[in-house]
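Listed in order, the protein sequences are those of chains A and B. Take the first sequence: its letter number 44 is residue 44 in our numbering, and every next letter is one higher. Take the second sequence: its letter number 99 is residue 1099 in our numbering, and every next letter is one higher.
Wrong hints could be hidden among the right ones.
What the hints assert, rightly or not - Chain A is faced by these chain B residues, among others (derived, beta-carbon under 7 Å): (1) Gly1022; (2) Gly1025; (3) Asn1055; (4) Gly1094; (5) Asn1095; (6) Asn1242.
To be verified - Dumping the calculated BS3-like pairs for lysine-lysine here, alpha-carbon to alpha-carbon at most 27 Å: (7) Lys25(A) with Lys1027(B); (8) Lys1067(B) with Lys25(A); (9) Lys38(A) with Lys1067(B).
I should point out that these hints are in silico values taken from the structure, not numbers from a laboratory. No experiment lies behind these values; they were computed from the predicted model shown. Glycine included, each C-beta is placed from N, C-alpha and C at the ideal position.
Listed below are the residues making up each chain.
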Amino acid sequence: MEIVINGEKKIVDEMTIKEYVEKLKISQTGLIVEYNYKILKSEKWDEVELKNNDNLELINLVGGG
Amino acid sequence: MKKDVLKIGEVEFENRLFTGTGKFGDKKDITKMLQKSESEMITVALRRVDMRGGNENILNFIPKNVKLLPNTSGARTAEEAIRIARIAKESGCGNFIKIEIINDMKYLMPDNEETIKATEILSKEGFIVLPYIVPDLISVKKLEKAGASAIMPLGSPIGSNKGIRSRDMIEIIIENTKLPVIIDAGIGKPSQAAEAMEMGADAVLVNTAIATAENPVQMGLAFSYAVKAGRMAYNAKMAEENKFASASSPLEGIL
């Protein structure tokens, strides 16, 4: 299936958001997940299965003025 | 003496130097700078994670007692700023938000009109809104109505270190608003921060000048002293400027 992650289309296998995040080589501390334009708390990452056409934004806090 | 505190929303600040986390060569200097300067509020930004890894959580470098001021940098419209603000709040950054809406990439001038729109919506949602604006009294009046909790006029373009070039316009704002005025952007050295405070600004926000100094920790402390000195001078009510000389020593009894 195809999802949009951080503005880019990606083909992914069926899995939960938690599984997907773990597959990526990114740090999970402070990671913010916006799932279909709503923030998804980390406790719920393993409850949501990715579906076709989902929109996922993985965000973190960075230095800025 | 009564404590000279600055209240924004329900939060009281004793230190009137606000800082930013951008452009630090070594992020550990952010922690040290905050300890030395005793700055009580610091800005952070939200970005998409770098899929190649190497994402460092900026919160690891900010002591818990320092108030977070997430900004909406990257937003070009009110709508985009509102989305970023909501993400920041829901992700546990608190309800303070610096609205920064920019679509001019040469001078990074904020779009006051879009900023007013975003302020109105976000303040209704319970945000403590600190809008970053081009200093303009009419915009300030509209922001007051829109529910802003403070005003952040720019001294000169972001990161330019040119100081307070918009001095006259900011003075007009200070004289005509009851909202706290925080001069943000362009302050390049401690003397300019002192100038801001002497003018009657309630606080300053300094990022580039501290972060890109050779010794950011020491520069943070220097700014902290300057802000305190400027504020103290403002409270002590400065002597007037005169066109002609006025002898400091008595003119009678001259030998």
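Now for the hints, and whether the structure bears them out:
Interface restraint check for glycine 1022(B): the shortest CB-CB distance to chain A comes to about 4 Å, inside 7 Å, so the restraint holds. Nearest Cβ of chain A to the Cβ of glycine 1025(B): about 11 Å, over the 7 Å cut. The hint is violated. Contact between asparagine 1055(B) and chain A, as hinted, is supported at the beta carbon level, the nearest pair being about 5 Å apart and thus within 7 Å. Hint status for glycine 1094(B) relative to chain A: violated, with the closest Cβ pair at about 12 Å, above 7 Å.
Interface restraint check for asparagine 1095(B): the shortest CB-CB distance to chain A comes to about 15 Å, outside 7 Å, so the restraint is violated. Annotation: interface hint on asparagine 1242(B) violated; nearest CB of chain A at approximately 39 Å, more than 7 Å. With a C-alpha separation of about 22 Å, the suggested pairing of lysine 25(A) with lysine 1027(B) holds against the 27 Å cut-off. About 30 Å separates the Cα atoms of lysine 1067(B) and lysine 25(A), which puts this hinted pair outside 27 Å; it is violated.
A distance of roughly 25 Å separates the Cα atoms of lysine 38(A) and lysine 1067(B); the hinted pair therefore holds under the 27 Å criterion.
Checked against the numbered hints above, the structure breaks hints 2, 4, 5, 6 and 8 and satisfies the rest.
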